[in-house]
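Chemist: Here's the letter readout for the chains.
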Amino acid sequence: MNTCDRRSMTIITRHGLLMLACMMVALQGCGLLYDAVQAVAPVAKDELDAVCRAGKIRVGMAVEPFRPFVFPAIWTDEGARVTGLDVELVKELASALSRHCGRPVAPVLELVRFRDLFLFLSEAKLDLFVSAVPADIPSPTLAGFAYSIPYFYNGGVAGIIHTTAILERIRTNLHNQAMARESLIGNEQALAGLTVAVQESTNAHFYAAANLKASRLVLCDSLPAAFESVAESGIDVILGAQPVLDFMVKRVRRDWQLLTLDGGTPYFLTRAHYSVVMAEESYRLRWFVNNLLFRLDEAGRLITMRRRWLDEDYAYPRRAAAEGLPFDVEKMVPHYTQGTCRLESRP
Amino acid sequence: MRKSLMVLCAGVAGLLAATLLVPDRSWAVERAEAEETARLLAKLLKAGRLVVDQNQALIDDPHIGNKGFTSEVFEQKVIEEFRTQTGIDLAGIQHAPPSILLPPMAKELLPAFLAASKEVVHDAQVVINQRGIGYKNFIPATYGGQAARRFTARSHVRLKQTTLQPRNPKNEPDEYETSVLKWLSGRPKADAYVSELTDEGRTLRVVMPIYHVKDCLKCHGEPKGELDISGYPREGAREGDLAGAITVTIPLSVRQP
Numbered sequence: 001m002n003t004c005d006r007r008s009m010t011i012i013t014r015h016g017l018l019m020l021a022c023m024m025v026a027l028q029g030c031g032l033l034y035d036a037v038q039a040v041a042p043v044a045k046d047e048l049d050a051v052c053r054a055g056k057i058r059v060g061m062a063v064e065p066f067r068p069f070v071f072p073a074i075w076t077d078e079g080a081r082v083t084g085l086d087v088e089l090v091k092e093l094a095s096a097l098s099r100h101c102g103r104p105v106a107p108v109l110e111l112v113r114f115r116d117l118f119l120f121l122s123e124a125k126l127d128l129f130v131s132a133v134p135a136d137i138p139s140p141t142l143a144g145f146a147y148s149i150p151y152f153y154n155g156g157v158a159g160i161i162h163t164t165a166i167l168e169r170i171r172t173n174l175h176n177q178a179m180a181r182e183s184l185i186g187n188e189q190a191l192a193g194l195t196v197a198v199q200e201s202t203n204a205h206f207y208a209a210a211n212l213k214a215s216r217l218v219l220c221d222s223l224p225a226a227f228e229s230v231a232e233s234g235i236d237v238i239l240g241a242q243p244v245l246d247f248m249v250k251r252v253r254r255d256w257q258l259l260t261l262d263g264g265t266p267y268f269l270t271r272a273h274y275s276v277v278m279a280e281e282s283y284r285l286r287w288f289v290n291n292l293l294f295r296l297d298e299a300g301r302l303i304t305m306r307r308r309w310l311d312e313d314y315a316y317p318r319r320a321a322a323e324g325l326p327f328d329v330e331k332m333v334p335h336y337t338q339g340t341c342r343l344e345s346r347p
Numbered sequence: 001m002r003k004s005l006m007v008l009c010a011g012v013a014g015l016l017a018a019t020l021l022v023p024d025r026s027w028a029v030e031r032a033e034a035e036e037t038a039r040l041l042a043k044l045l046k047a048g049r050l051v052v053d054q055n056q057a058l059i060d061d062p063h064i065g066n067k068g069f070t071s072e073v074f075e076q077k078v079i080e081e082f083r084t085q086t087g088i089d090l091a092g093i094q095h096a097p098p099s100i101l102l103p104p105m106a107k108e109l110l111p112a113f114l115a116a117s118k119e120v121v122h123d124a125q126v127v128i129n130q131r132g133i134g135y136k137n138f139i140p141a142t143y144g145g146q147a148a149r150r151f152t153a154r155s156h157v158r159l160k161q162t163t164l165q166p167r168n169p170k171n172e173p174d175e176y177e178t179s180v181l182k183w184l185s186g187r188p189k190a191d192a193y194v195s196e197l198t199d200e201g202r203t204l205r206v207v208m209p210i211y212h213v214k215d216c217l218k219c220h221g222e223p224k225g226e227l228d229i230s231g232y233p234r235e236g237a238r239e240g241d242l243a244g245a246i247t248v249t250i251p252l253s254v255r256q257p
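Which chain is which? The protein sequence lines are Z and B, in order. Just so we're aligned: 34 in our numbering is position 34 of the first sequence, and the numbers increase by one with no gaps anywhere. Just so we're aligned: 150 in our numbering is position 150 of the second sequence, and the numbers increase by one with no gaps anywhere.
Hints are supplied without guarantee of correctness; some may be wrong.
As the list claims (entries may be wrong) - Under the rule of at most 16 Å between Cα atoms (straight-line distance), these lysine to aspartate or glutamate pairs were calculated in the EDC-like manner:
{"no.": "1", "chain 1": "B", "residue 1": "K170", "chain 2": "Z", "residue 2": "E78"}
{"no.": "2", "chain 1": "Z", "residue 1": "K331", "chain 2": "B", "residue 2": "D123"}
{"no.": "3", "chain 1": "B", "residue 1": "K77", "chain 2": "B", "residue 2": "E30"}
{"no.": "4", "chain 1": "B", "residue 1": "K170", "chain 2": "Z", "residue 2": "E280"}
{"no.": "5", "chain 1": "B", "residue 1": "K118", "chain 2": "B", "residue 2": "E175"}
{"no.": "6", "chain 1": "B", "residue 1": "K43", "chain 2": "B", "residue 2": "E72"}
{"no.": "7", "chain 1": "B", "residue 1": "K43", "chain 2": "B", "residue 2": "E81"}
{"no.": "8", "chain 1": "B", "residue 1": "K43", "chain 2": "B", "residue 2": "E30"}
{"no.": "9", "chain 1": "Z", "residue 1": "K125", "chain 2": "Z", "residue 2": "E280"}
Don't read these hints as lab results, they were simulated from the structure.
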């Protein structure tokens, strides 16, 4: 090693030490800077903390009317509003969050297509969503989401029909394989050969896709689209959430009737309890929502809400004017058409 | 309220005469201008309500998605209706010379109210264009209430719809409005308005009555007490009955001498 090389080594060593010293100072500075930022504007500890800091909770809701959980958006003296059982629940949640956070927490509603609710939640565009979603839908496409304890018990998948002949046919099918009714095959046989419409990505869709192999399946963007496509698509039965269908045939579409068994009891294909949906990793928020639902249930509020929206005689525009919530109009725009129906291609 | 002060006007002719007769000219001019502005604002709100009413069947059509009832279409129709009623062209109002028929205050406030109205129709598009849903509660009253509130929030003038039996608590009449509405309800339908100074002459209040027409009676007519489509009990009104009023409140800078 000559003198020149030795000098180079010395320079490199000096530079290395200098860099190391700078890095140490810088890292220490980063720590100080981090501490300073934390003191001024602390980073949220978890998603519940983030909601408190933001002073708002982003709640997704289906734009397709799921009466009485979500009614169609309506104009009021205060602007566009939505109302329904789910909206009342969101108001309870916002009140509880405000108490927890010690400051007002406003619910920011985003009305989007039902099938997009899961997408928006997975993209962290929502904190949670609520739209009569069953607590546990066995479908591989819905992995990665977490569900609260139920806020609505004894829902499930049921059907409506608009001709008595279809009702008789289904009842005959059920009689013919009475012993098999306890299995999934019983329902499959009952609806065999019929054209069944479901709203895409709902529990009814996943049930039908998995279990009704002997039926023709029509996928619709919404329940109103299903009604509109009856003649065109030859729809015999519309499957969906039983409380929604029951409400529809009693108050809106009286030309349809709920599928019932001989004794008049509703014919459920499956039972389900409806829950609030959150991201799987939203542990603290889930604890909070679960605790709220438990307390509401304990206090009898959930039962009161259910009776208020399912049993009472009311006109939703008045309730929307009195207690409805505003929503993000701009985000609703691409979602608000009722859509169409199409025959599902099966292998 | 001193009923003797109440003036029932049928046009601006009386105002012109008052302007010439009152000794303090600046006060008289300001009052005349404010009164004409208030009258025109109330007329413009009425025109907007009428346009909504004329398009009610389209708005409530469940079979059509995009109704084409955009804020621009609404604006054009309101401009036409207002021109028919008053002879004033809102499209060219910025270039119109100020006059007693079109005071400077009106030149500023009429476009502002039209803009607020357009915003309401724009924001209501998501509701109006829903397919599969009939009644959407976008009716003259809900349009008018929202447009008036938006306009009021941005100007020094208060515009309001009110009635003796309000469905919305925000439309509850104040003491003065109650008094005028009661006075009007005992009188036959007339194309007139009430104008009065209140607050010791510092505020001008104009009350323009609205009367029930046939379309209103679907919700406000008989049978009294039975719930209408929006869930409110019908009032049992008849065609030509007083429905309520549009009230305009304008503070005056010059006090009455």
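Chemist: Going straight from one Cα to the other, do K125(Z) and E280(Z) come out at no more than 16 Å?
Modeler: holds (14 Å)
Chemist: Verify the proposed pairing of K331(Z) with D123(B), using a straight-line Cα cut of 16 Å.
Modeler: holds (12 Å)
Chemist: Does E78(Z) sit within 16 Å of K170(B), going by the straight-line distance between their CA atoms?
Modeler: Cα-Cα ~10 Å, so holds.
Chemist: Straight-line Cα separation of K43(B) and E72(B) no greater than 16 Å?
Modeler: The hint is violated at about 20 Å.
Chemist: Is the Cα-Cα distance between K118(B) and E175(B) 16 Å or less?
Modeler: violated (31 Å)
Chemist: Holds or violated: are the alpha carbons of K43(B) and E81(B) at most 16 Å from each other?
Modeler: holds (10 Å)
Chemist: Tell me if the straight-line CA distance from K170(B) to E280(Z) falls inside 16 Å.
Modeler: violated (43 Å)
Chemist: For a C-alpha distance cap of 16 Å, please report whether K43(B) and E30(B) respect it.
Modeler: violated (20 Å)
Chemist: Given the hinted pair K77(B) and E30(B), is their alpha-carbon gap at most 16 Å?
Modeler: Roughly 31 Å between the alpha carbons, so the hint for K77(B) and E30(B) is violated.
When each numbered hint is compared with the structure, violations occur for hints 3, 4, 5, 6 and 8.
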